[in-house]
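Chains A and B, in that order, give the protein sequences. Counted from 1, the first sequence has number 101 at position 101 by my numbering; the numbering is strictly sequential. Counted from 1, the second sequence has number 71 at position 71 by my numbering; the numbering is strictly sequential.
If you are wondering where the hints come from, they were derived from the structure by calculation, not from laboratory data. Any given hint could be a false lead.
Stated by the list, open to error - As a list, the in silico DSBU-like pairs of lysine-lysine whose alpha-carbon atoms are at most 30 Å apart:
#1 K18(A) - K3(A)
#2 K68(B) - K36(B)
#3 K57(A) - K70(B)
#4 K71(A) - K36(B)
#5 K55(A) - K36(B)
Here the structure is a predicted model, which means the values were calculated and not measured.
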Amino acid sequence: DVKVTQSSRYLVKRTGEKVFLECVQDMDHENMFWYRQDPGLGLRLIYFSYDVKMKEKGDIPEGYSVSREKKERFSLILESASTNQTSMYLCASSPTGKGSYNEQFFGPGTRLTVL
Amino acid sequence: GEDVEQSLFLSVREGDSSVINCTYTDSSSTYLYWYKQEPGAGLQLLTYIFSNMDMKQDQRLTVLLNKKDKHLSLRIADTQTGDSAIYFCADPTGTASKLTFGTGTRLQVTL
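Using the sequences and the accompanying hints, generate a full structural model.
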């Protein structure tokens with residue numbers, strides 16, 4: 001069964017802290033994605049990775065970085081958390097080699113609150 | 001850039017049909033997707049349509065695609081309380097399997 005897991009469901013951090021959000025997939029997918037979800041704004045892509053050690057900026061990368069040292073793991077890093085980064089963070093993965101069909105598989109999300 | 005728009009909220013009575021609409025701007029897509037997000041959960045693929053189709057039916061779900069107007073809709077027949085969720089349409093963007101998601105439509109089903 002397809003599975004994407006995220007390290008925490010809920011996280012509370014203080015302004016200025018360094019925050020790590022971890023995502024692991026067990027489907028041997030090449031592509032991995034980090035989104036944030038805010039009411040009325042839908043899902044916005046922060047970063048994605050199409051291979052180990054490869055990354056590309058999405059639509060809102062400011063204030064974030066990522067790491068992909070192993071194929072199954074994609075980490076999102078908030079170098080210095082700020083209150084405007086309070087949000088729901090969703091990780092997803094997808095395979096390549098399916099032609100133009102590109103279903104993404106999502107984790108359950110991490111609700112991050114920055115105080 | 002790519003823009004995908006949806007209305008934010010829809011309320012229907014149990015047993016009625018729901019219609020959720022979506023407009024997109026990237027006309028080169030070969031597949032378009034509908035995802036469902038239940039409360040407290042991530043997104044799950046609900047259905048998809050290939051761009052050379054006008055309509056796809058899957059049990060209670062009907063997807064209509066109007067490529068000329070770049071309009072996609074999802075109809076849920078006999079809506080149940082378990083259909084209460086946020087529904088996102090998604091359109092492929094650029095390369096590397098990226099998707100652009102709409103703002104999401106929250107469907108509320110009342111008794």
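Tested hints:
1. For a cut-off of 30 Å, the pair hint linking K18(A) to K3(A) stands: about 27 Å separates their Cα positions.
2. Distance hint between K68(B) and K36(B) is fulfilled; the C-alpha atoms sit about 26 Å from each other, no more than 30 Å.
3. Our distance criterion of 30 Å between C-alpha atoms is met by K57(A) and K70(B), whose separation comes to about 27 Å.
4. A threshold of 30 Å between alpha carbons decides the hint, and for K71(A) with K36(B) the separation of about 27 Å falls inside it, so the pair holds.
5. This hinted pair checks out: K55(A) and K36(B) have alpha carbons roughly 27 Å apart, not beyond 30 Å.
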